[in-house]
Amino acid sequence: MKKTYINGVGCISTQKTFDTVFLEEAVVNHDENVLAIVPPAYKEYISPAASRRMAKGVKNGIVASALAMKDANVENVDAIITGTGLGCIEDSEKFLKSILDNNEEFLTPTSFIQSTHNTVGSQIALLQQCKGYNFTYVNGAVSFESALIDAKMQIEEDEANSILVGGVDENGEYTTSLFKLNGRIKADNNAPYDVLNSTTSGAVYGEGASFFVLENERKENTYAEILDVSIINTLEENEIEAAAKSFLKSNNLEISDIDAFVLGYDGNAAFENYYKNIAENAFAKTPQLYYKHLSGEYDTASAFAFWMAAKILKTQEIPEILKVNAVEKPDYKTILLYNQLNGKNHSFTLLSK
Amino acid sequence: MKGVAITGMGIISAIGNSVEENYVSLTENKIGISRIQNIPTVHADVIKVGEIKKTNEELVAELQLSENNNFSRTAMIGTLAAKQAVENAGITSINEFRTGLISATSVGGMDMTERHYYDYFEKPELVKYITCHDGGDVAEKIAEELGLKGMVTTISTACSSAANSIMLGARLIKTGKLDRVIVGGADALAKFTINGFKTLMILSDDYNKPFDNTRKGLNLGEAAAFLVLESDEIIKKQNKKVLARVSGYGNANDAYHQTASSENGDGAYLAMKKAFEISGLKPSEIDYINVHGTATPNNDLSEGRALKRIYEDEKVPDFSSTKPFTGHTLAAAAAIEAVYSVLAIQNNVVYPNLNFEIPMEEFDLKPQTTLKNKNIEHVLSNSFGFGGNCSTLIFSKS
Chain A
1 MKKTYINGVG CISTQKTFDT VFLEEAVVNH DENVLAIVPP AYKEYISPAA
51 SRRMAKGVKN GIVASALAMK DANVENVDAI ITGTGLGCIE DSEKFLKSIL
101 DNNEEFLTPT SFIQSTHNTV GSQIALLQQC KGYNFTYVNG AVSFESALID
151 AKMQIEEDEA NSILVGGVDE NGEYTTSLFK LNGRIKADNN APYDVLNSTT
201 SGAVYGEGAS FFVLENERKE NTYAEILDVS IINTLEENEI EAAAKSFLKS
251 NNLEISDIDA FVLGYDGNAA FENYYKNIAE NAFAKTPQLY YKHLSGEYDT
301 ASAFAFWMAA KILKTQEIPE ILKVNAVEKP DYKTILLYNQ LNGKNHSFTL
351 LSK
Chain B
1 MKGVAITGMG IISAIGNSVE ENYVSLTENK IGISRIQNIP TVHADVIKVG
51 EIKKTNEELV AELQLSENNN FSRTAMIGTL AAKQAVENAG ITSINEFRTG
101 LISATSVGGM DMTERHYYDY FEKPELVKYI TCHDGGDVAE KIAEELGLKG
151 MVTTISTACS SAANSIMLGA RLIKTGKLDR VIVGGADALA KFTINGFKTL
201 MILSDDYNKP FDNTRKGLNL GEAAAFLVLE SDEIIKKQNK KVLARVSGYG
251 NANDAYHQTA SSENGDGAYL AMKKAFEISG LKPSEIDYIN VHGTATPNND
301 LSEGRALKRI YEDEKVPDFS STKPFTGHTL AAAAAIEAVY SVLAIQNNVV
351 YPNLNFEIPM EEFDLKPQTT LKNKNIEHVL SNSFGFGGNC STLIFSKS
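Protein chains in written order, with our numbering: chain A, 1 to 353; chain B, 1 to 398.
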């Protein structure tokens with residue numbers, strides 16, 4: 001069975017994660033409850049004419065995938081697998097509003113076409129003329145992990161040698177206002193917003209696109225090996241520790257083997273215990289990291305964490321801004337990531353150097 | 001045994017609320033295309049649709065949902081079909097084995113989003129529907145209703161979505177990652193998709209006529225279907241009846257245009273080619289092809305050319321599109337057509353391609369236009385979607 005390696009990364013996020021080393025310019029924004037991406041120079045990747053017609057998520061996906069492919073030094077891949085929670089939500093909003101505002105008349109198809117969830121994956125395929133396998137997963141917080149599981153299975157089964165896999169989501173103005181209304185996003189005018197020691201429900205929201213080139217061979221520029229990915233729809237608070245241990249055990253590992261534990265803390269006090277219980281007990285002696293104070297919460301925010309973990313394994317450095325506790329390890333060989341949303345859609349991802 | 005075992009099926013569509021009802025309609029020419037009733041739309045007098053003639057209230061009652069439920073129509077028809085499939089497979093303890101659910105949808109709970117979009121701020125009682133918009137919401141609800149706790153995910157690749165969920169399910173079992181997977185898809189009619197397809201000018205104002213030279217476009221439909229796939233270990237252990245097997249699958253991208261298929265059907269050709277490779281079957285061994293056959297000028301030309309390329313000098317086997325019965329049910333299409341493919345194998349029938357009159361001028365392909373009884377060992381089913389997403393499944397007699 002072939003192993004799966006991360007050989008290239010590309011990340012567009014609410015931090016400057018391109019043309020930088022590793023989060024040295026990162027800042028925590030305590031003033032806003034919805035964070036916007038730091039835009040790359042799109043014109044270096046997409047012609048201005050094409051760019052004008054493209055959805056934000058498509059553009060970011062194209063740039064992040066181009067960065068990943070350049071980083072991996074590959075010109076084509078065998079498959080493209082994408083995860084997205086809401087797809088190109090701005091175009092969905094636009095088309096729906098024009099239907100409602102104009103009583104189903106005077107509509108043009110552009111925003112309908114872009115609103116389809118698999119637009120990002122198919123636009124990348126179109127640009128690269130990649131006729132291979134092309135899937136898009138849309139299952140909330142496990143959209144990206146579903147893509148990872150699929151990609152890993154493809155490589156293990158020798159169905160593909162190289163795969164572009166990514167997670168992408170964009171903020172839409174009306175949708176974020178709805179998320180404030182239903183409490184998914186923290187209420188307005190409640191700054192300072194804090195992710196780690198929050199007492200309020202809801203999350204600080206964000207957006208981004210992270211893409212990775214996965215290959216079946218270790219190369220000089222390899223970041224990490226993907227040991228395992230698991231998604232579990234439903235777990236109670238008191239089942240997390242056992243689930244984490246059984247996941248590690250199935251990979252012949254114990255908690256003491258984990259050199260860093262990346263947690264999806266998003267500032268939602270109502271579901272914080274899913275992270276806190278396991279962090280303060282079973283993993284108390286493990287270096288713990290968080291990231292949503294930098295990336296914001298969104299369905300595929302865990303792809304940002306995946307990018308971060310890959311970077312740590314390659315550089316062997318953990319930026320201070322990511323640390324939850326003061327525990328350190330002499331070197332970082334194995335990293336475990338855990339994420340969930342509102343007590344559902346749990347994921348465990350295991351990477352090694 | 002080659003291929004992954006199918007042990008249960010469930011379906012709700014415009015031509016029936018169960019597997020049996022759907023089969024009767026298919027073999028007795030009872031079509032489900034009519035004027036739209038459940039959605040108020042300005043296009044009501046122009047378009048024809050394949051609508052499930054049950055109101056949301058009726059669906060709520062049938063599922064015995066509580067008054068404060070927040071099920072979209074998509075989630076309700078999805079749950080109905082998934083429950084039927086699980087029951088049909090004789091599953092009583094859903095988490096007994098490593099069980100997963102792979103669903104498929106194009107627009108998730110858009111039917112609720114579009115209904116309440118501007119009212120959310122005024123009516124607090126509607127706020128519960130905001131989360132329905134999420135593409136994963138349907139799978140989430142089905143999992144909850146089934147009590148399924150393990151792997152749950154959703155695929156959205158437009159009109160090929162459910163083919164891909166069946167494909168993923170088969171791969172998860174083949175690789176031993178799961179023992180049992182419930183696979184399929186659901187899509188309810190929505191103003192959003194009606195108007196989307198309308199602006200693309202691919203909706204017919206008449207009954208759709210796949211592979212006919214005068215075809216004008218598609219009729220949209222709504223449906224949900226799920227199938228239960230199980231490992232051979234479970235089959236052996238529980239001495240289970242196998243309905244048919246998923247013996248081949250292939251996915252490829254046309255990489256030609258966001259919403260149009262290439263003239264030569266590259267993606268479709270590659271998807272079929274891969275499916276034959278996986279199954280180890282030769283094209284000549286296929287007894288019936290359930291074509292995608294949406295009846296848009298573009299799809300049928302592209303698919304027909306791809307079929308001609310696959311079959312080269314050989315005769316293309318009996319083929320038909322069942323969309324004149326059901327309409328094009330988007331992300332659910334491949335799931336309902338998977339059920340129809342299994343029924344074709346079980347009953348040794350080829351369904352008629354209704355409304356066909358004049359062969360297309362581009363090639364000499366003529367679909368089967370009447371119900372035909374013959375031995376069916378292998379059925380090939382095509383599904384293609386926006387974004388160039390092309391998928392092929394092959395089902396075989398167990």
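Hints are computed from structural coordinates only; laboratory data are not their basis.
Where is the CB? At the ideal position from N, CA and C, for every residue including glycine.
Treat the hints with care, since some could be wrong.
As the list claims (entries may be wrong) - List time: in silico DSS-like cross-link candidates among lysine-lysine, alpha-carbon distance up to 25 Å:
1) K237/B - K315/B
2) K344/A - K149/B
3) K249/A - K315/B
To be verified - Listed next, the stretches of chain A that the computed footprint assigns to chain B, with coverage defined by at least 3 CB atoms under 8 Å from CB atoms of chain B:
4) 28-41
5) 120-131
6) 138-145
Claimed, not checked - Chain A side only, calculated, beta carbon under 10 Å to chain B, not exhaustive:
7) I89
8) E156
9) S177
10) V327
Evaluated hints:
Only pairs whose Cα atoms come within 25 Å are accepted, and K237/B paired with K315/B is rejected, the gap being roughly 42 Å. Simply put, K344/A and K149/B have alpha-carbon atoms about 10 Å apart, close enough for the 25 Å limit, and the pair holds. Straight-line distance between C-alpha atoms of K249/A and K315/B comes to about 54 Å, which puts the hinted pair past the 25 Å bound. For a cut-off of 8 Å, the count of residues in the stretch 28-41 of chain A with a CB near a CB of chain B stands at 0, and the three-residue condition is violated.
A count of 9 residues in the stretch 120-131 of chain A with a Cβ less than 8 Å from any Cβ of chain B is obtained; the coverage claim is therefore met, three being the minimum. Only residues whose C-beta sits within less than 8 Å of a C-beta in chain B count toward coverage, and the stretch 138-145 of chain A has 5 of them, enough to reach three; the restraint holds. Below 10 Å, beta-carbon pairs count as interface contacts, and I89/A has one with chain B at about 9 Å; its hint therefore holds. Here the hint on E156/A is kept, as its CB sits about 7 Å from the closest CB of chain B, short of 10 Å.
For S177/A, the interface hint holds, the least distance from its beta-carbon to any beta-carbon of chain B being 8 Å, beneath 10 Å. Checking V327/A against chain B: minimum C-beta separation of about 32 Å lies over 10 Å; hint violated.
The structure fails to meet hints 1, 3, 4, 10 from the earlier list, while all remaining hints are met.
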